[in-house]
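Heads up: the protein sequence lines correspond to chains A and B, in order.
Counting from 1, position 206 in the first sequence corresponds to residue 206 in the UniProt record's numbering; the numbering is continuous, with no gaps.
Counting from 1, position 153 in the second sequence corresponds to residue 153 in the UniProt record's numbering; the numbering is continuous, with no gaps.
Please note that a few of the clues may not be correct.
When chains are identical, the list treats them as one kind, so a pair holds in a single copy or across two.
[Claimed, not checked] For lysine-lysine, the following DSSO-like pairs were computed, each having C-alpha atoms within a straight-line distance of at most 27 Å:
id: 1; residue 1: 124; residue 2: 169
id: 2; residue 1: 15; residue 2: 124
id: 3; residue 1: 127; residue 2: 15
id: 4; residue 1: 257; residue 2: 15
id: 5; residue 1: 44; residue 2: 57
id: 6; residue 1: 15; residue 2: 169
id: 7; residue 1: 303; residue 2: 87
No lab work stands behind these hints: they were computed from the structure.
Just so you know, these numbers come straight off a predicted model, no measurement behind them.
Listed below, chain by chain, are the residues.
There are 2 protein chains.
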Amino acid sequence: MTNSTHWTLAERAAKMNPSVIREILKVTEKPGIISFAGGLPSSKTFPVAEFEAACAKVLKDDPAGALQYAASEGYGPLRELVAAQLKAQSAAAGVTWNVDPAQVLITTGSQQGLDLVAKILIDKDSKVLVESPTYLGAVMAFTPMEPNVVSVASDAEGVDIADLRDKSKDARFLYVLPNFQNPTGRSMTEARRAALSAEAARSGLPLMEDNPYGDLWFDQAPPAPLTARNPEGGIYLGSFSKVLAPGLRMGFIVAPKAVYPKLLQAKQAADLHSPGFNQRLIFEVMQNGFLDRHVPTIRSLYKAQRDAMLEALAQHFPESDGPDSANADSTFTWNTPAGGMFLWARLPAGMNAVDLLPHAVDKGVAFVPGAPFYAGNADARAMRLSFVTPSVEEIHRGVAALAEAIHAQRS
Amino acid sequence: MTNSTHWTLAERAAKMNPSVIREILKVTEKPGIISFAGGLPSSKTFPVAEFEAACAKVLKDDPAGALQYAASEGYGPLRELVAAQLKAQSAAAGVTWNVDPAQVLITTGSQQGLDLVAKILIDKDSKVLVESPTYLGAVMAFTPMEPNVVSVASDAEGVDIADLRDKSKDARFLYVLPNFQNPTGRSMTEARRAALSAEAARSGLPLMEDNPYGDLWFDQAPPAPLTARNPEGGIYLGSFSKVLAPGLRMGFIVAPKAVYPKLLQAKQAADLHSPGFNQRLIFEVMQNGFLDRHVPTIRSLYKAQRDAMLEALAQHFPESDGPDSANADSTFTWNTPAGGMFLWARLPAGMNAVDLLPHAVDKGVAFVPGAPFYAGNADARAMRLSFVTPSVEEIHRGVAALAEAIHAQRS
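Chain A on its own, in the form it takes in the complex (with noise of 0.2 Å):
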């Protein structure tokens, strides 16, 4: 049979394109490589007993209702916990949200969450203001839909009010990260959450709170969540990859009743419900407080990888006085994250980190350049370093690999 076929691919397929953090890190697959560059959680922190335990259990107790098709909104007693988990955080940081388990919606993997808000938000050329720089996964859950993708400035606190206001007119919403943000690893601080709920509140612009990281701080939590001072304004997406694993893509929104029936017939059409069996694996390790007693020693194990690439990139680069300093210029910089498992590091002036990449390759470390998270205009200096894969020890080689290289560049 002659194969005649004429495929005629949507014009959003045009716009889509592979990622380019995908495609930068094939460069960096090398056996020997330290890699500041992947996105993973560290695979000690995976509750692995918990989770056989729980699968025995799950299968034991109710094994038709784990492994049949089961209700789009989600397994009711996760919807419950989440809720209850929510508030309870939110009461600790100082701010009231009584999140109904009603508002909850089971989602595959927070990046799901990302791909139904833009269904039922964006239009072709809707406005969609994002943080600069941003989470490139956001901006690629939204490509298909076909927006008109605007970056508002930010700096070390969170976005620029100002330039916020500026740009929100007929925007359908501000994207945020509020929490130790990939790529920067910069938290918002309670300053700037109070003036962008109000400047949110003022002009209207709907708020989507992304937020996998927020449990992942080192020496005190972060401040309430946007969403929770303005519930009715603001669709919150969480995330259970960070704090007991991304191999069960178990994610959550909880969103106001003016969106919530539309993201769940989007939910619906997207996939049906995601896996009930991972969601009561999920239920079942979190229940009776498992998170208090576990999330505590990812967060050492972190803050003690991140202390040890702050005191490695101390070391070599002794002449550093830090990003806001007079010669941030004239020197390699870097932020130091309060939480989460990025860094954010930037380039003397004159040289650019996709450049320097394979040379730092060649000596043996690998990183995430910083252009490829900006919706507008890039930071060539900028790059990301992830804390949290390699061992201690890893990161002081690593380091010193990658000072060597950025010297051998400048000379």
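Chain A is already provided as a structure; the job is to place chain B on it using the hints.
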């Protein structure tokens, strides 16, 4: 804080609706109701012990791999197993289909396959062809991309080739469910498949072949897939939901090189990847030919249930001479599906399945009216009867109640 948030929904959101069937099923949720309405596989068929063993093995052998982020394409060994199985099944049906594992994309249920295909092939107002009637979940998955869904006339043997020829100009694809279709239980004959395949090749029309029920044949395996006849001209969607369990949400796409890379990008944006843990469970259970031993037990269970329904129908509607008989307009008629989960029945002329439903529920039995399954002109007399969930005894009582309701409404 005042809530002045301006939520503007995307235009597509207005076109999305709750599943009509889901709404209908709410009517039927009464204690003691015998339901022919659900589309659920029998939970008796779930291989619980095998899943228990697989959970233990996967978490023992490679917990870090199973619980970590993974490739968007899916778990390599599972993709190889899928390719090998499709190759073997096609060969047994007399057609050589050299499925390359590189063309297999693991999806979060085959429902997600529909979502991904819609994203890359449907622009607003694109013409998309479907059978008449067709699987409602597919139309719901296409709807967010705002297609113009056009029904192609269909009979007991499959789509009408002449009508297809009239309508195929500029269509993005024809969606077909050739084996034991949901909702009709119909299977496309070999002659019709050959004719459809030839017509698609002639006009260059891409085929989107959905095959969730193909393994559930009662007396003989169905003819070879359409995609096997022209692999470059079609996308094939498969599922593990009916042969293992739906609660793990595992399905797959086989796609030609012309579209695979875009499907993969859409997949990555949608949920990064399907749960790696679940993929490994399916692989562990399936390897070493488990399905060759397990699926025959599902076939004989479902066949016995179908036989019970046919027997009960013949007993309670003795005047019926079948859907093609001279008295088909004055009697209740039904088809004889050769596999799958559903039987398609039709009320006498003048009756309406939607109107009948509450009366049937009063008598203690539920079904799904056929009308929602039509993208174009609906047959108001049609209804779908699932024979897999109730017991044989319940099937007999349910059909008796249905007959009572029909006779009461006619008189």
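Verification of the hints:
{"no.": "1", "hint": "124 x 169", "verdict": "both (17 Å within a copy, 26 Å between copies)"}
{"no.": "2", "hint": "15 x 124", "verdict": "both (12 Å within a copy, 15 Å between copies)"}
{"no.": "3", "hint": "127 x 15", "verdict": "both (16 Å within a copy, 21 Å between copies)"}
{"no.": "4", "hint": "257 x 15", "verdict": "between (32 Å within a copy, 18 Å between copies)"}
{"no.": "5", "hint": "44 x 57", "verdict": "both (23 Å within a copy, 19 Å between copies)"}
{"no.": "6", "hint": "15 x 169", "verdict": "both (25 Å within a copy, 26 Å between copies)"}
{"no.": "7", "hint": "303 x 87", "verdict": "within (26 Å within a copy, 51 Å between copies)"}
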